[in-house]
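Asker: Chains as they are written, first to last, in the numbering used here: chain A, 1 to 217; chain B, 1 to 217.
Simulated from the structure, these hints should not be mistaken for laboratory data. This one's a predicted model, so the numbers in the text were calculated from it and none came from an experiment. Be a bit skeptical, because a hint or two may be false.
Copies of the same chain are indistinguishable here, so a pair counts whether it falls within one copy or spans any two.
[Said to hold, decoys possible] List of simulated lysine to any residue pairs, SDA-like, C-alpha gap at most 20 Å: (1) K94 to A20; (2) K60 to H38; (3) K84 to S199; (4) K182 to H192; (5) K49 to P98; (6) K49 to H38; (7) K182 to G50; (8) K182 to P172; (9) K94 to P141; (10) K182 to P202; (11) K60 to K94; (12) K77 to V35.
2 protein chains.
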Amino acid sequence: GHAVIVGWNERAREVLLRLARQDASMRFVLIDATVPSHPLSDVPVHFIKGLASDDAVLEKANIREARFLLITADPHKAEAEADKDTIVTLLAAKSLNPSVYAIVEILTSRNVQNAFRAGADEVIQTNLLASFAMTASLRSPGAASVWETALHRLDGQTLRLLEPDEQQIGQPFAAVQQQLLKQNVALLGVIHGDHRAISVAPDRPIQQSDRLFVLAP
Amino acid sequence: GHAVIVGWNERAREVLLRLARQDASMRFVLIDATVPSHPLSDVPVHFIKGLASDDAVLEKANIREARFLLITADPHKAEAEADKDTIVTLLAAKSLNPSVYAIVEILTSRNVQNAFRAGADEVIQTNLLASFAMTASLRSPGAASVWETALHRLDGQTLRLLEPDEQQIGQPFAAVQQQLLKQNVALLGVIHGDHRAISVAPDRPIQQSDRLFVLAP
Ligand SMILES: [Ca+2]
Ligand SMILES: [Ca+2]
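Required output: the full structure, derived from the provided sequences and hints.
Answerer: Structural data, given as structure tokens:
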């Protein structure tokens with residue numbers, strides 16, 4: 001299964017470069033209506049020029065066999081307009097392939113729910129991420145930029161959310177953190193099943209519904 | 001010292017709402033040329049209509065006595081154009097008040113260095129943050145959205161970067177993590193002085209040049 005990426009912009013470029021470095025086996029199809037030709041010659045991407053909301057263009061991208069769909073927001077449009085484009089494209093893609101795992105970028109908070117209604121599996125709220133970084137920097141100068149620097153320099157490592165395996169369930173956080181360290185995986189915290197808290201309490205046993213928030217190679 | 005915020009958009013709205021909830025003592029001046037009147041009546045913000053690159057407008061915002069300056073990118077412009085506006089405004093503000101702590105949002109990677117040359121203290125690369133989230137989700141479905149959900153629900157808590165205090169220096173990571181937990185502060189990891197690694201090794205002693213990456217109330 002390949003990944004279909006909609007929209008050529010700075011974010012798509014970063015994602016393609018990073019993924020191509022990290023996982024050489026992943027195949028990509030890029031759909032964009034504005035750039036005239038293949039924009040990234042050094043990454044193995046199949047480029048299709050056209051509107052991604054058009055069924056024929058999605059078929060050309062072999063959406064029916066795609067595993068992932070990433071729709072990025074069009075930076076040339078007003079925020080609400082870009083979100084509407086995204087939602088229409090998502091509806092078209094999900095009707096052709098209901099099981100594609102769809103990650104969509106949404107700019108306006110009022111369209112987040114609409115994206116989920118249209119079948120999004122994940123919504124990336126870029127403005128929310130940016131505002132968290134801005135708020136962190138205003139409250140604690142340096143926070144956002146060091147976080148960014150760290151993420152950037154730790155290139156090849158990725159923030160991941162792992163399900164605990166059978167062995168880890170029931171063990172204290174600190175013990176699991178130690179075990180993971182031996183595999184060069186940094187366990188930053190545990191996200192409780194209800195998503196309401198991040199815990200780093202060393203003695204708290206890992207539960208089946210927990211997710212391990214890690215920085216992994 | 002107040003905070004001057006340039007540009008009215010989704011990010012500025014989130015930042016103002018979040019900061020006003022978290023710290024009632026902070027005062028804000030918002031500069032925007034496009035909205036006709038005060039856009040956020042329930043937050044104590046002084047609104048100035050005008051172009052922030054104009055010295056007279058910056059003087060009206062009392063930039064000379066401001067402690068913080070946050071310049072957000074104009075979502076109505078092309079990415080490179082928005083960045084140029086940001087850099088020109090930053091130059092004007094820093095010439096009126098060289099000691100204002102300037103946090104600027106930059107959209108194109110090629111303008112990051114220009115922003116630092118113009119005096120930025122921190123650069124928020126929104127596209128980079130978004131692409132990290134997208135990459136994480138493509139490699140580990142669920143990662144980005146749970147991280148976002150967690151940040152959102154843990155409202156009132158903030159990611160911060162703390163300098164270790166005298167007492168903490170020399171103590172093992174695990175001991176400092178335990179101490180901070182008693183103050184409801186989750187120590188997620190330690191960023192080494194050279195920014196090249198995030199460590200969660202429990203036995204590694206905290207060093208003076210380390211920064212503690214925490215989630216704090
Ligand atoms: Ca679904
Ligand atoms: Ca400076």
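Asker: Checked against the structure, which of the hints given earlier come out wrong?
Answerer: Numbers 1, 3, 5 and 7 - these are the hints that the structure violates, sorted from lowest upward.
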